Amino acid sequence: MKNIREIALEEHHDFVGAKMGMWLFLLTELILFTGLFILYAMYRVRHAAEFHAAATELDVVIGTINTLVLLTSSLTVAVGIEALKRRNRKLAKWMVLLTVLFALTFLVNKYFEWSAKIHHGIFPGADELLSRSQGEIIYFNLYYAMTGLHGLHVLVGMGILLWVYFLIARKPSEKVVVAPPNIEYLKGAQLIASKGEQESWVIDEIKDDVVEVEVVIKKDPKKAGVDIPNIIKLENAGLYWHLVDIIWIFLFPLFYLIT
Amino acid sequence: MASHAIDVQNAQENYLEVKGRWSGILSWIFSTDHKRIGILYLVSIAFFFIVAATIGIFMRLEQLTMGPTLMKPEVYNRLFTLHGVIMIFLFIIPGIPAILGNFFLPIQIGAKDVAFPRLNLLSWWLFMIGATLAILTLFLPGGLPDTGWTFYAPYSIRTGSEVSLAVFAAFILGFSSILTGLNFVTTVHRMRAPGMSFFRMPLFVWALYATAWIQILATPMVGITLLLIIVERLLNIGIFDPTQGGDPILYQHLFWIYSHPAVYIMILPGFGVISEIIPTFSRRTIFGYKLIAFSSLSIAIFGSLVWAHHMFVSGQSDLANIIFSFLTFFVAIPTAIKVFNWVATLYKGSIRFEPPLLFALSSIFLFSIGGFTGLMQATLPINVHIHDTYFVVGHFHYTMFGGTIWALIAGILYWFPKITGKMYNKKWIYGAWALMFIGFNTLYGAMMYMGWKGMPRRYYDHLPEFHTDHVIATVGSWFLYTGILVLVSTLIYALYRGAKADANPWGGTTLEWKTSSPPPLENFEKEPVVEHEPYYHEEAIR
Amino acid sequence: MSHHSHEEIHGIGYGILVLVWLGLVVLTGVTVVASGVHVPALAVVIALLIAATKSSLVVSYFMHLKYESRIFHVILLMGIVTIAIFIGLTFFDVLFR
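Chains as they are written, first to last, in the working numbering: chain H, 1 to 259; chain D, 260 to 801; chain B, 802 to 898.
Extracted from the complex, chain H is given alone in its bound form:
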């Protein structure tokens, strides 16, 4: 029987570390948007009245719908993660797919919103826009820059979620890799020995204070399989997706609701 440490040595994965890396990356994304929020704050202080006037031209209804769409997509991806942790692969698949659809809905809405504006000659560099007051020009330039960058993030997030969807949809691989720091992920997990005859194992109950790895592996072929590394991949994709949601939570009132 394979010792868990031996399995870990084959390929070292540290899930907590992976999640930490993701959080640090999210910080960099936050700061990236902070640059734009600083500009927004400074220009708004200077041109408060013009910002208010310009904001009346945005459609609050579409903005609100898009907010609700993103919030709901955050729920679906969170449920998806929870489902995968409970080895419910089917529910997880559906939830991730639903999230992708919501993301698409958001982008389609955004497309119509932008096209309407562009149709009315309100886009960067347009004569119609440039004939207005400086505060209004800056407002719309910031609007395009900020929602544009956010939209780009929605697109990237969608791509990542799709990729994870296909990972989950694949049949679980025969080899499951785990490492000592990740024993919490093993509870109820199915382990299949990677060498010799294919047998599956379910790990015994692990106490909370166990950090080292004297783990007993028991045979239980009935449980359905989920690739453990996919859990952390979906978790990280979810974290990224929630960040996209949070950015929008701030963009929405700052652009749509200051009338």
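Just so you know, these hints were derived from the structure itself, not from any lab. Please note that the accuracy of each hint is not assured.
Among chain H residues calculated to face chain D with C-beta under 7 Å, some are [what the hints assert, rightly or not]:
#: 1; residue: G17
#: 2; residue: M20
#: 3; residue: L27
#: 4; residue: P124
#: 5; residue: I138
A quick note: this is a predicted structure, and the numbers were derived from the prediction, not measured. Even for Gly, the Cβ is constructed at its ideal location relative to N, Cα and C.
Following the hints, position chains D and B against chain H.
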């Protein structure tokens, strides 16, 4: 003897001999081994350094005579931009973390590799892609950017030179830097060997840890700033353009919010290297370990509060001027704490004056000059007088070249036997040091002097009263350049013909000296267990 | 580390997630309605407070921060403090120019 033979037989192959999936150059550029990636960075960064230094030589030659000497004014503008961009983005920001940090951070905490080895390789690839894009501007119709390395709006939005591509290159380089930082923070938190508590980590690791945090928290700011320059140029989304209500001073804010902390990205790892070298060559533990560790963190924090001291004459508010001037002085405190602790470590130590120590001490000396002139410039009234003069250029080179690059050289000399398993010829190094030290002070000392008298920076030509100073500076640059070439050739020679180095030639106490030279693929024969503070000299007086 | 890990696997029920989502929807409604308040200075504060509340709900429950070890909280705190510093210090220029 018998046991020795067995050791050799059982020893793992070192990382240079390991045969992986690839061979030849592919075994380097596709390697996820942190040591090989460190060397990839060393070679590429050293190349860019020599290129940018050569450009510097040409700039000095242009100033050798009054009037046109070698080039047209437009070419001069492009050259000082390129010199700045390469030196800042391709050399000194990645510099110590990417080369020495990659190689030694995992070893010093007893890990097998960094937390994300593949991401680490990606960082290097991004670095090379960014570098290629920057150089590509040379062959495009607009030519090299002529804005200066700061890409100040609104000029950067209107100039016909290839600013968009150059700025995009800098964006990618920033991304590479972020990934390195993210990797190091996670590595420090997750990969320490048993017994390696935070306060048993070598100070180099502490310095890299603080640096990594700045990389993560500040770099995205320049990322968005540069992206905005691109969209403003390509899509006409005016954010900084005054005709569309934009405010160019806000560009400067955003730019310096990153670029001032960036100088601490440059210098902190250098301080870390010095903190390693001093205890080893004084053969005693470091004085004030925790203070040095925390001073790295507080430099990182204070350094993030002072950016607008680059903008005293930009037209920002007087209140901002006063506040940022005041805050700037605080950076001096943790910096001085470090210097005092180093001196206290040397005091009554059994000092061995080897090349690494020589360069480390020179670094402290030169950086102190740079630091004190920095305090002068933080003082509002003096700043107004010397703003945008050669004084600033001299000051900057004393801190960054004198501080960081001399520390980088000290670090390379210190760890060269560990990295390569070879020892260099120390006499040649002393010679190179003399040339560099004389050349350095002649060049940048003369710059500070003429700046104080009023010579503006970035001018293509100069007035007669500055002529002697310029000639002196140019002659100094020749000494400096020759010294660098001697140093580099000595090291390259040692690579092929150097004597074999021991596992621990200097008597160092940190973990990298407890493994063989060069280290095995997984750094240690078996996972080390740490029982001491890092600078524990057994034979030293306690 | 392993103390929280137990909840990490089985901690958040689907019910809690749906509740959080309901809270977010309600807060969205509140912020839309509150934008009608005709006191400009107050309106900004209310809008940002609601946005901050919504974000903290997302961070705590959807992003599981509530169940993560302390270092994750420190990471987020570093980000928030940095953002506050960057925005705050820039105001010293723009408000007093």
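Each hint tested on the structure:
1. The restraint placing G17 (chain H) at the interface with chain D holds, with a minimum CB-CB distance near 4 Å, inside the 7 Å limit.
2. A hinted interface residue such as M20 (chain H) counts as satisfied when its beta carbon comes closer than 7 Å to some beta carbon of chain D; here the least separation is about 5 Å, so the hint holds.
3. Among the interface hints, the one on L27 (chain H) holds; its C-beta lies about 6 Å from the nearest C-beta in chain D, closer than the 7 Å criterion.
4. Hint status for P124 (chain H) relative to chain D: holds, with the closest Cβ pair at about 4 Å, below 7 Å.
5. A hinted interface residue such as I138 (chain H) counts as satisfied when its beta carbon comes closer than 7 Å to some beta carbon of chain D; here the least separation is about 4 Å, so the hint holds.
Checked against the numbered hints above, the structure breaks none of them.
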